[in-house]
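**Student:** Could you put the whole structure together from the sequences, leaning on the hints where they help?
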Amino acid sequence: MEKLSVEQLKARAKLVRRHIIEMTGAAASGHPGGSLSVTEILVALYSNLMEHNPQDPQWPDRDRLILSKGHASPALYAALAETGYFSPKTLKDFRKLGSPLQGHPDRRKLPGVEASTGSLGQGLSMGIGMALARRLDKKSYYTYVITSDGEMNEGQTWEAAAMAAHHKVDHLIAFLDYNKFQLDDSTKNICDMEPVVEKWKAFRWHTFEIDGHDVKQILNAVKKAKKVQGQPVMIIAHTIKGKGVSFMEGNNAFHGVAPKPEEVAKALKELS
Amino acid sequence: MQKILGKATRDAYGETLVEIGKMNPEVVVLDADLSKSTKSALFSEKFPERFFNVGIQEANLVGVAAGLASCGKIPFISSFASFLVSKGFDQFRMGVAFSELNVKVVGSHGGITVGEDGASQMAIEDVALMTSLPGFVVMVPSDEISTRALVFEIAKYPGPVYMRTGRPKAPVVHKAGTDFKIGKGVRLREGKDLTILANGLEVFEALEAAEHLAEDGISASVIDMHTVKPLDTELLLEEAKRTGHVLVAEEHQIWGGLGSAVATFLAKQHPCKMGFVAIQDTFAESGKAEELLEKYGLTYPHIIKAAKKILGR
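Chains as they are written, first to last, in the working numbering: chain A, 1 to 272; chain B, 273 to 585.
If you are wondering where the hints come from, they were derived from the structure by calculation, not from laboratory data.
From a predicted model like this one, the values you see are computed outputs, not experimental measurements.
There's no promise every hint is true.
Said to hold, decoys possible - On the chain A side, residues computed to face chain B include the following (Cβ under 7 Å):
(1) Ser116
(2) Ile128
(3) Met130
(4) Glu159
Unchecked claim - Here are the simulated lysine-lysine pairs, BS3-like style, with alpha carbons at most 25 Å apart:
(5) Lys294/B - Lys318/B
(6) Lys138/A - Lys308/B
(7) Lys308/B - Lys168/A
(8) Lys138/A - Lys318/B
What the hints assert, rightly or not - Restraint-style ranges between C-beta atoms, simulated for each label pair:
(9) Pro57/A - Gln552/B: 49 to 59 Å
(10) Ile328/B - Ala202/A: 12 to 22 Å
(11) Gly390/B - Lys227/A: 44 to 54 Å
(12) Gly407/B - Gln55/A: 21 to 31 Å
(13) Glu291/B - Gln8/A: 49 to 59 Å
By construction, the Cβ of each residue, glycine as well, lies at the ideal position given by its N, Cα and C atoms.
**Tutor:** What follows is the structure in structure tokens.
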């Protein structure tokens, strides 16, 4: 796999953002806000950090990625398409009847999707299973799990957090896309999980805190995370919901509502 | 009928798991802090590196198993059926059934014969919940012989399976060497007036009832319908056509168990007179297993009564 440079990753992130706007706009549904916040993380992973082969999605030694916040599927599909899993032309079928690009990721339908998600709180557990399989098979792959701040409300998140640390699960690198919003309102107003970094530390995870839109910081954090042994890693990535489109940034109206045609045009102009 | 108590089905499960562990290095076992009771501890003693005790956390247990299965492992996960099925249900739905992953779920302490521990520990709705998940095989074996054979079968089967095991020693109803297949009922007695379908401990009660019915001149078939899903519709149809009277007995809530599955099939294919011996939409309580079976209408006299009712005698 060719590994993109920082500048190339930035350009690809912009392209992925364009896809997100077009996909949700065309489907007249979907979750643009949380897709735009997780864009750099997914692009940096698929187009630089991960060992994988789009021509052989089931390669046993591949790094795995689970998008636990499954509603950010537009970002995942766009990142997969641009990495070569399927033609970006397919993205226009997002959420259409019979399409492999389901509203939320379906591992049975789309090569490259490692886990079916959409019911929040399950991804970390699945990631632990993959990391334990790696340990049993004495392989060297990494498992990445992308979680959300809203997802931290789920009890299963903390079951997984405790269990992974107790079993000294490593080669497990999770990201928290901390965009500070969930469906109904800001995380602060719904079920504030602060202090977040301290929580993960208290659960005996190795933590990093970064700007989730700074590609260099993402690359550096993962490089350091790979050296951590006998402990799972949580990279707390501060992000902006709706990042990259002026009228969507920090505007929770776009959590689960697609941009209208005129908004699509305006957003694409900003992302050109 | 002579009652020869064998091992509990949970013991047969734990012992068989060790045998399977020897044969297949891809088998891994997980438990949620009940391994001494579910008997998965037997596996942990032999293969500690392939055993994971996750602690008291059923949702995570199921998710971890799904992750392992996606990497080619064959996870067997155990806890009490009551906690595992209800607390892990969304994870079974999304992570296992919808994901089509090869996870074997074995819930012990099924039914009300848990006894003294009381209603909170008794799974009476596990079959209803697990049969509602697309693609899941659901089974309730009756004795140690069938449990051993069926645990071997599910280890070979490439897909999600739920099996209920029980706490008390189970009467032996099968002959050693009987052939058991997923989705194939076993006819233990052939009759012409009535067919009794049962699973779990109710198979013994059904055999006992059939003996007494014979003394009254009623000839009853008894089938161990260990697999609720997929249902052995071939055998069911053959029996329903021959006897015209079908009675279902199970240690389960009447809503959504074997009886519901049988009734749904027969309503379409061969409507006939039916009866149901099951827990009548209520929770049970603390007591001795045999006292509870009697109080909640699951012993053989209740089966005899229900049989005579549908036969109009």
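**Student:** Take the hints in turn and mark each one as holding or not.
**Tutor:** Results for each hint:
For Ser116/A, the interface hint holds, the least distance from its beta-carbon to any beta-carbon of chain B being 5 Å, beneath 7 Å. A distance limit of 7 Å between C-beta atoms decides the matter here; for Ile128/A the minimum to chain B is near 5 Å, and the interface restraint holds. Interface hint status for Met130/A: upheld, as the beta-carbon distance to the closest one in chain B is roughly 4 Å, under 7 Å. Against a cut-off of 7 Å between C-beta atoms, the interface hint on Glu159/A holds, since the closest Cβ of chain B lies about 4 Å away.
For the suggested pair Lys294/B and Lys318/B, the alpha carbons sit about 9 Å apart, so the restraint of at most 25 Å is met. Of the supplied pair hints, the one linking Lys138/A and Lys308/B is violated, its CA atoms being roughly 29 Å apart against a limit of 25 Å. For the hint pairing Lys308/B with Lys168/A, the CA-to-CA distance comes to about 24 Å; that is within 25 Å, so the pair holds. With a C-alpha separation of about 20 Å, the suggested pairing of Lys138/A with Lys318/B holds against the 25 Å cut-off.
Between Pro57/A and Gln552/B the beta carbon distance is about 51 Å. The supplied range of 49 to 59 Å therefore holds. Evaluation of the 12 to 22 Å hint for Ile328/B and Ala202/A yields a pass: the beta carbon distance comes to about 19 Å. Between Gly390/B and Lys227/A the CB atoms are about 51 Å apart, so this pair conforms to the stated range of 44 to 54 Å. Distance hint check for Gly407/B and Gln55/A: the Cβ-Cβ separation is about 29 Å, which falls inside the suggested range of 21 to 31 Å.
For Glu291/B and Gln8/A, the Cβ-Cβ distance of about 55 Å falls inside the hinted range of 49 to 59 Å, so the restraint holds.
Violated hint: 6 only; the structure is consistent with all others.
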